[in-house]
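Each chain, letter by letter, is given below.
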Amino acid sequence: LAKTTQPISMDSYEGQEVNITCSHNNIATNDYITWYQQFPSQGPRFIIQGYKTKVTNEVASLFIPADRKSSTLSLPRVSLSDTAVYYCLVGDWNNNDMRFGAGTRLTVKP
Amino acid sequence: GAVVSQHPSWVICKSGTSVKIECRSLDFQATTMFWYRQFPKQSLMLMATSNEGSKATYEQGVEKDKFLINHASLTLSTLTVTSAHPEDSSFYICSAPEPTGRYGYTFGSGTRLTVV
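Chains as they are written, first to last, in the working numbering: chain A, 1 to 110; chain B, 1 to 116.
With the rest of the complex left out, here is chain B (with noise of 0.2 Å):
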């Protein structure tokens, strides 16, 4: 089946510093990803819609100067966490729907930012 894969699985950084996750669809092509953040025992919050050639749509009160998208091809779509705080740290997720459309949303195995 349609596989998303996600890199790093986990980061630990300098405050200050940037970070950047890559999101795979492996043997499919994904005009849209999805980009999600999720703290301890709470739900996934879509943060953005990125969108293979164009300018990503983010959410109300995310910041897209902080986390930058960036869908450069039909296979990859990364997102940048700039200047990263502590407050920064979560689990990031991505997503791309599923080619058939009969299996709703692929989902990458997340990544886990820590920032110190």
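The following block holds chain A by itself, in its conformation from the complex (with noise of 0.2 Å):
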């Protein structure tokens, strides 16, 4: 199971950009990455997927280089409400390992 490494917290402003990288230096080769977000007392929700290059969607975009031992989560200008927790998940489907790392605790400011 790839391991994960991820900023403990990031502040930004609302309109911001933003983007959290995470490493993953021992992704194998069927592992996919996956990015969930968490609010107080909910269950994380899927954000995006994604197996290399760039996959974007209509919330974020994820950005893989080509050794996939990194991604990076886009949020193109956020808002208060993506105040959360951001995890970031490498594996394989049919491993079915889903263990989260410490995440990334995104505080939007107005």
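It is possible that some hints are incorrect.
What the hints assert, rightly or not - Derived DEER-like restraints, expressed as beta-carbon distance ranges:
no., chain 1, residue 1, chain 2, residue 2, range
1, A, S81, B, S73, 19 to 29 Å
2, A, D11, B, K20, 32 to 42 Å
3, B, T80, A, T53, 36 to 46 Å
4, A, N19, B, V116, 19 to 29 Å
5, B, A72, A, G15, 17 to 27 Å
6, A, R45, B, P8, 16 to 26 Å
7, B, D65, A, N26, 44 to 54 Å
8, B, R112, A, G15, 32 to 42 Å
9, B, R112, A, N25, 15 to 25 Å
10, B, K20, A, P7, 44 to 54 Å
11, B, C13, A, N19, 41 to 51 Å
12, B, C13, A, K54, 43 to 53 Å
To be verified - Reference listing, derived: stretches of chain B covered by chain A, where coverage requires no fewer than 3 residues with Cβ under 8 Å from a Cβ of chain A:
no., stretch
13, 62 to 74
14, 101 to 109
Since the hints were derived computationally from the structure, they do not count as laboratory data.
Keep in mind it's a predicted model, so treat the numbers as computed, not measured.
Each residue gets a CB set at the ideal place from its N, CA and C atoms; glycine is no exception.
Using the hints, build the complex out of the two chains.
Okay, here's the thing in structure tokens:
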């Protein structure tokens, strides 16, 4: 299982773009990278998933370099409601191994 | 999309009693479900993997006789905290693989357990 490392916390202001990077040096060939968002007293919510290069959906983009040893979640124009903890998970769906790292606590200020 | 329903949302129980938490996949079948616990300001800690029709796999340090997991059908997994103590007070969350594989894992809304 690829261990992940993220910054413990980040601060931003409304309207800014936020980039959260996750390191996963021992990612395996079959591993995907998935990001989740969690608000207090709620279950995590899927944000985005990717395998390589760039993935974009309606809420975020995920950038994965060629060596796949890291990934960057990009949140465009954050708002106060984006204040949450963001988790990066790396794993192979077939192994069903879902362990969370420490996550990044993002605080968006007015 | 795939929805995992978790009940109850919160429960308060007395020390020594047992509490059951249910996790249902509403519009898909889940042969595997995961159970986590989360203490304030901490990350989710995987407790066990629930497998339909077979015994659950517990993580190291998790007492299987205290946290009973039953996955009797493809849409229901239950976690029973037996002989609860105040230190078992926590936020418990279940999840299941989203069936298409394109949207990660789907999580329940969590259960806040308070043992008094």
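Results for each hint:
In this structure, A/S81 and B/S73 break the distance hint of 19 to 29 Å, their C-beta atoms being roughly 37 Å apart. Hint check: A/D11 to B/K20, Cβ distance near 41 Å, so the stated range 32 to 42 Å holds. About 45 Å separates the C-beta atoms of B/T80 and A/T53, a value consistent with the hinted range of 36 to 46 Å. For the hinted restraint 19 to 29 Å between A/N19 and B/V116, the CB-CB distance of approximately 44 Å leaves it violated.
Between B/A72 and A/G15 the C-beta distance comes to about 50 Å, which lies outside the given range of 17 to 27 Å. The supplied range of 16 to 26 Å is met by A/R45 and B/P8, whose beta-carbon atoms lie about 20 Å from each other. Taking 44 to 54 Å as the suggested C-beta distance range, the pair B/D65 and A/N26 does not conform, at roughly 34 Å. Look at B/R112 against A/G15: about 34 Å separates their beta carbons, and that is inside 32 to 42 Å.
Evaluation of the 15 to 25 Å hint for B/R112 and A/N25 yields a failure: the beta carbon distance comes to about 36 Å. The hinted window of 44 to 54 Å between B/K20 and A/P7 is violated, with their beta carbons roughly 38 Å apart. At about 43 Å, the beta-carbon gap between B/C13 and A/N19 stays in the expected band of 41 to 51 Å. In this structure the supplied range 43 to 53 Å holds for B/C13 paired with A/K54, their Cβ-Cβ distance being about 48 Å.
Given as covered by chain A, the stretch 62 to 74 of chain B fails the check, having 0 residues with a CB less than 8 Å from a CB of that chain where 3 are the minimum. Here's how the stretch 101 to 109 of chain B fares: 9 of its residues keep a CB closer than 8 Å to some CB of chain A, so the rule of at least three is met and the hint holds.
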